[in-house]
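Number of protein chains: 6
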Amino acid sequence: MSNYIKDEEIQNNQIKETISILCEEESYKNVIHGPHNNIAMPSVESLKEIVDLLREVIFPGYFGNSCVQLETMQYYIGVSIDKIFNMLSEQIKRGFCFDICDDSNKQCLDCEKNAKRVTSKFISALPLIRYLMSTDVKASYNGDPAAKSFGEVIFCYPGIRAITNYRIAHELLKLNVPLIPRIITEMAHSETGIDIHPGAKIGEYFAIDHGTGTVIGETCIIGNNVKLYQGVTLGAKSFPLDESGNPIKGINRHPIIEDNVVIYSEATILGRIRIGKDSIIGANIWVTHDVPPGSTLTQSKKN
Amino acid sequence: MSNYIKDEEIQNNQIKETISILCEEESYKNVIHGPHNNIAMPSVESLKEIVDLLREVIFPGYFGNSCVQLETMQYYIGVSIDKIFNMLSEQIKRGFCFDICDDSNKQCLDCEKNAKRVTSKFISALPLIRYLMSTDVKASYNGDPAAKSFGEVIFCYPGIRAITNYRIAHELLKLNVPLIPRIITEMAHSETGIDIHPGAKIGEYFAIDHGTGTVIGETCIIGNNVKLYQGVTLGAKSFPLDESGNPIKGINRHPIIEDNVVIYSEATILGRIRIGKDSIIGANIWVTHDVPPGSTLTQSKKN
Amino acid sequence: MSNYIKDEEIQNNQIKETISILCEEESYKNVIHGPHNNIAMPSVESLKEIVDLLREVIFPGYFGNSCVQLETMQYYIGVSIDKIFNMLSEQIKRGFCFDICDDSNKQCLDCEKNAKRVTSKFISALPLIRYLMSTDVKASYNGDPAAKSFGEVIFCYPGIRAITNYRIAHELLKLNVPLIPRIITEMAHSETGIDIHPGAKIGEYFAIDHGTGTVIGETCIIGNNVKLYQGVTLGAKSFPLDESGNPIKGINRHPIIEDNVVIYSEATILGRIRIGKDSIIGANIWVTHDVPPGSTLTQSKKN
Amino acid sequence: MSNYIKDEEIQNNQIKETISILCEEESYKNVIHGPHNNIAMPSVESLKEIVDLLREVIFPGYFGNSCVQLETMQYYIGVSIDKIFNMLSEQIKRGFCFDICDDSNKQCLDCEKNAKRVTSKFISALPLIRYLMSTDVKASYNGDPAAKSFGEVIFCYPGIRAITNYRIAHELLKLNVPLIPRIITEMAHSETGIDIHPGAKIGEYFAIDHGTGTVIGETCIIGNNVKLYQGVTLGAKSFPLDESGNPIKGINRHPIIEDNVVIYSEATILGRIRIGKDSIIGANIWVTHDVPPGSTLTQSKKN
Amino acid sequence: MSNYIKDEEIQNNQIKETISILCEEESYKNVIHGPHNNIAMPSVESLKEIVDLLREVIFPGYFGNSCVQLETMQYYIGVSIDKIFNMLSEQIKRGFCFDICDDSNKQCLDCEKNAKRVTSKFISALPLIRYLMSTDVKASYNGDPAAKSFGEVIFCYPGIRAITNYRIAHELLKLNVPLIPRIITEMAHSETGIDIHPGAKIGEYFAIDHGTGTVIGETCIIGNNVKLYQGVTLGAKSFPLDESGNPIKGINRHPIIEDNVVIYSEATILGRIRIGKDSIIGANIWVTHDVPPGSTLTQSKKN
Amino acid sequence: MSNYIKDEEIQNNQIKETISILCEEESYKNVIHGPHNNIAMPSVESLKEIVDLLREVIFPGYFGNSCVQLETMQYYIGVSIDKIFNMLSEQIKRGFCFDICDDSNKQCLDCEKNAKRVTSKFISALPLIRYLMSTDVKASYNGDPAAKSFGEVIFCYPGIRAITNYRIAHELLKLNVPLIPRIITEMAHSETGIDIHPGAKIGEYFAIDHGTGTVIGETCIIGNNVKLYQGVTLGAKSFPLDESGNPIKGINRHPIIEDNVVIYSEATILGRIRIGKDSIIGANIWVTHDVPPGSTLTQSKKN
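Protein chains in written order, with the numbering used here: chain E, 1 to 303; chain X, 1001 to 1303; chain C, 2001 to 2303; chain H, 3001 to 3303; chain L, 4001 to 4303; chain W, 5001 to 5303.
With the rest of the complex left out, here is chain E (with noise of 0.2 angstroms):
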């Protein structure tokens, strides 16, 4: 019993020496968020609870508890839009705040009034968004021979679920919102396995099969009725560093696919490089050059 409560001593000796040098300033200044700041971090729970919203309302009724009837439907999208509207502006005021914001006290009542002000220009893109998804869908239905209807598409391919949250994403974005797209297109990736940065530009009736390890990098510039397949890499081939050693922020370096081109599984594109239209880009392929319109390319043999 002695030996019990010794062990506990020592254990309690431990925890209370290890949480006072957790509580220094030299272990904790490299990974600590602003001790000063009363604005908490963006919250990932509220931000999916925002894209769940938005998916009910570019997809009515697919998403959410209840079932739209024509009667009904404008109550529901005003009282989500609404809803988006109050916790997204809310969101976007932490990002700001997160980001750009020194002087918190005089500056976050400014951030609180751009937030209302992006968040409402970004609820106009939303038939924009909606239109966008809606080609989507069709390239998806049309592209899969497996694919049973357009509502089977809507509600279970992760291709789609992932889009949708890198078009959310990139209007953010376009709007200077920071750290929110990412949040949210890191999501997608999460469950799906798709990896979309929301810099990206991308095309109508576009498409992505299986996806998982499918990676768009930043400055990709991609056409309209593109598709990709699984472990696509569109990706960075080298990164010009910087005096110190550093690659250079903001550069393009990610390639830029034309219209109706075709990507199969696993296959990487590295570099400001361009796919002409209409080209196939066979499975496991490794692409470093500009490829002309109409190509196809596949690997050589192999067995």
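None of these hints come from the bench; they were simulated from the model. Some hints could be false.
No farther apart than 25 angstroms at their CA atoms in a straight line, the calculated lysine to any residue pairs in the SDA-like style are these [to be verified]:
#1 E:Lys29 - C:Ile2202
#2 C:Lys2148 - E:Glu45
#3 L:Lys4138 - H:Ile3251
Given chain E's structure and the hints, the job is docking chains X, C, H, L and W onto it.
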């Protein structure tokens, strides 16, 4: 201050206008689900609960809250099965209504009746599913030097989790249940990165190691004692098009993998080809032709 | 109507019969956990909460609900550590009981005592884990032109999330905790698609970009300042078999990656080989032999 | 130890035996609900949610999560009413099935149809309920020197809460809804200690102060501008018995309280008597005969 | 602004100082529970769940989520009883540790063992509790002209709810379980306003109508077929004091109510007196002496 | 069928019309809260959480999830106090905005600042509240022969629960916090049936036994060592009316109860009278005049 109020007015107008655009038929017509239909979409949350209950029943004592004891096991399995019957028949009914039911009023009674029949048959298949899973557990344990016990494999391995969902979904598909099987395999896809189409046919002693990015297409046939690694694609090569230029649905287009085949990471097997029994396919290989039994394919030397 | 009742009878019988089959030893014997043992399996939900608390402690002010302030930080860290001690020692006890404890009655008191000892030691390692994570954050920030701030890296990057789980799990494994480490890395695997075995040894300033499909095997040794991209496999080539034809467990079979190595997407490095320091391994490459320091491997030209 | 196991055996047997006794018809026959009926009991939780929604609709801006604004009020009220329609018609259906439906299969379609009709009529009564409640709020505010504002009365006063539930329940009772009205008044009884039978008829400007222990019987008739204090009983004096010696159901047996009456705490008014208008009944008084208009009754002097 | 910061400083200091005062022994010594004891207090939430499960078992088909069917009833009752055994024995163990266990380390194994024994005996008493409740339901139904069915009485009547809790608590008290019985009757007290001490002894066919404010003291003895109304007190008249001037604990000090007695609202019966069988006690009466069988007491005329 | 559709049309119209009536100013104008004000009502749920935290702090080791240990107590109390500060100052701000803030935009900054000041002062009063509660616990224990321990009194007694809420609310009222104090005492009223107005002034060693139906009015003054039983009313006798015939607010109108008074169940004390010290007021008594010190009042003989 008057500035603030002006802002608010502008925003209120933007929002009001957006709501009314989103409620126009022109905007929603391609992305709405059944505005006149009163049956809700299948509930993904309810299906998650059902799959959790099934996992509890298949592997007693591993999942769920309670410690299984032989004395009380029958009560717990009895309750789980009864809950599965009630919850799953409701979801299957919704699947029928989503997919095949035109005249919602008349047919929905049939939908309910059929859903119960089908669910009851599915439940009869549980002992078979449990048997198959026990072979899969053995295969994973025997094939992985890092596996410490059957229990660790059952409790932690994403491969086992994905195969469980697949085997459940496949039985439902055999009973012609629409939509639900795909939802169940997509759950596992999201959690594990392993994408097995419920239509694939897979034998006993099946193992997937690591698994992220593995894709098994709708018309695959896989024999006994097959093992796959992460990033393996068993896909379609190309799709015959119909007169409107869209892929023809429902054609056999994925590989046949015979008994005792191992396929290493990132290998891509495309088209209705046959990988002969006892073959080994190396990592990052691209295969589009039949492979005779007993073959070993590896990537041509690189360095 | 009589039809309906007949249906119900048939279904009731099918269900009853299935329940009784599922309760037969013949059916459950290979897939049941400890029917005579009263200790529950480790709780994945509780472990999620523990890892969330650890993330809060390691990166103050980023996760959890509250805004960290220097005045109150010690209270919050004190409470978090106390909760971690209580919750984690319970889970570790369950891990011991699952793995090594035969006579549940006698040993379980030891299990509890040992679990507390081990948990207390683990807590002492938290300042080290925090230090290592601070180097990983710097590495990710410096190496990614798209990264906007340390904060964004800590809050959003799946690589950081997966490495945090790995570093926690690795410390637990060093203390011979069974099962729990694997559960913790599988959580990250599910969320990020990055699969790091807790047994791997990894140095400072480690970065994984995008990361979906990356696999790091049990016996890997990775130096300082190493960077991996998505889809990289550090795997085993083949497994020596024991006399019954099964792989021998516990042999060193995964690569050694020396300092300052970069490995691009989808590269596959197999077997107990050594990638010399300062080397660069290109995308989609397959490597099964030692690589001398300073090498650059790229895929042979394709087009 | 063997002692411990013996204990466990004894306990297992006791438990097993008890389960089997509890499953014998002899034991359960008087306390079981409809073993052959597949319609669940009304859900008290769902009814709580419905009453909360009704409170939100009746008193906009006081209850629920959102700040009412004139611009968006119609969306919120529209959604609340639609939810109330769906949820309440389901509960009313269950009430019908519980109460009046013999042949569950045939009638239940009627139950559903009738439940919808009735719910729709109930919703039409909401403006009336709101009007009546607005008079009750004024009465409570005017009569209580401690009341600070209409808002405090609406938000905090148990009397208002209990009267709201009563007015909802009474409208449902008028539509011949079984069981549900009683559940709704019992909710308020539990929260406030005020027990108003849904069958009572109560005029405008009704107030109950403090209210704990106040009882208003099934056949009471209460005029306008009446005020009651805590512990007041408006009850039955005695019950005419039927031939088997049980009270005859449904006879008028509770008091009639005319306009402008005040009844102080713990007064007990019993039987089908009439308290004339403008009367005052003192605390702790026991009244079993008619009281003429304008009377003031007080307890005979005590000290 | 500097004002604002000064405010913050003052507040931080006030708070810090208060925390340190609250942590001084002088402050907490009279109101702290067992600082060296590692066993938590009984969980009121867990006890609520247990009582809900008991209600489900006693009245099959009324409470809980599922529709009872004869085919599956045994599974549900089996699971409920098993859960009750596990949860209740844990709570009873906590009750023992709270009340009687000095040396927490040594005794707690006994506490656990005894708790299981006692719980198992309690479970054996469930058929008796169910039988008694069936008599109480009949008594409430027969005595109340407003009662529409047995089902309404079971599902809605606060009297039945309070008596159920009392009968559960009384069986536990008979097994010398500390603290838990009182918690269980206080739950009902809070929900219904009916305060029955678990020590009271109450016969069959017991009914309480309305019930708010009814109090039944610890040493009451109540015969068969007794009915009480709201606000009835069966209390103690005065307490013999010990030498330090405090009431002596554990003396018989509450009334004995014989068979077939009715006590109307707000009546107060005080002291170890006997109300003879077949008596009727009128409303608002105060009784402190024995009452012979067959008496009828009413308040002296008032007006 | 056409019948069914007709029904639906009628119902849709009824519902639509009701929604539009409910949105007319005529209907909502008397029952709406601040349509132009963006500050939400105080949150009852948040206040419940706050009161629970306060209970944890006042009685360490009794409430909340964790076992208090002296080593970690300061962390837990520190975190609880910090949470109380943040949550309560938010609720107090809402209280200010509800009550006194006209120009919501300008004043709300002040509301926030004042709320923080007030909350900080309230926290400084916690040691006093704890001290007073420790005297109340002793009083309850000493006065109740059924009380088994201080712990039982703290954990189970509704009187203690109600007095705790009252003492918290009273301190807030002294700091001129609007609305919140009343919400906090009404919480206890709902749970216990004890209705203490936060404005009452109550000394040390206060006890309420059973308590259902006890009412203590706004301007009561209660000395030390006073004990009340269930159903006691300390109320107002009559209200002086203002010129419009409404009661004048804020006049002293409730009794003064001096030290060492006991008031038995259902007694009613009305008006600004004085019950002299050491008096005993019997059950069911009605008192409207001063009572000299040392009096004993009992109901005139009944039988």
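Hints versus structure:
no., hint, result
1, E:Lys29 - C:Ile2202, "23 angstroms, holds"
2, C:Lys2148 - E:Glu45, "22 angstroms, holds"
3, L:Lys4138 - H:Ile3251, "20 angstroms, holds"
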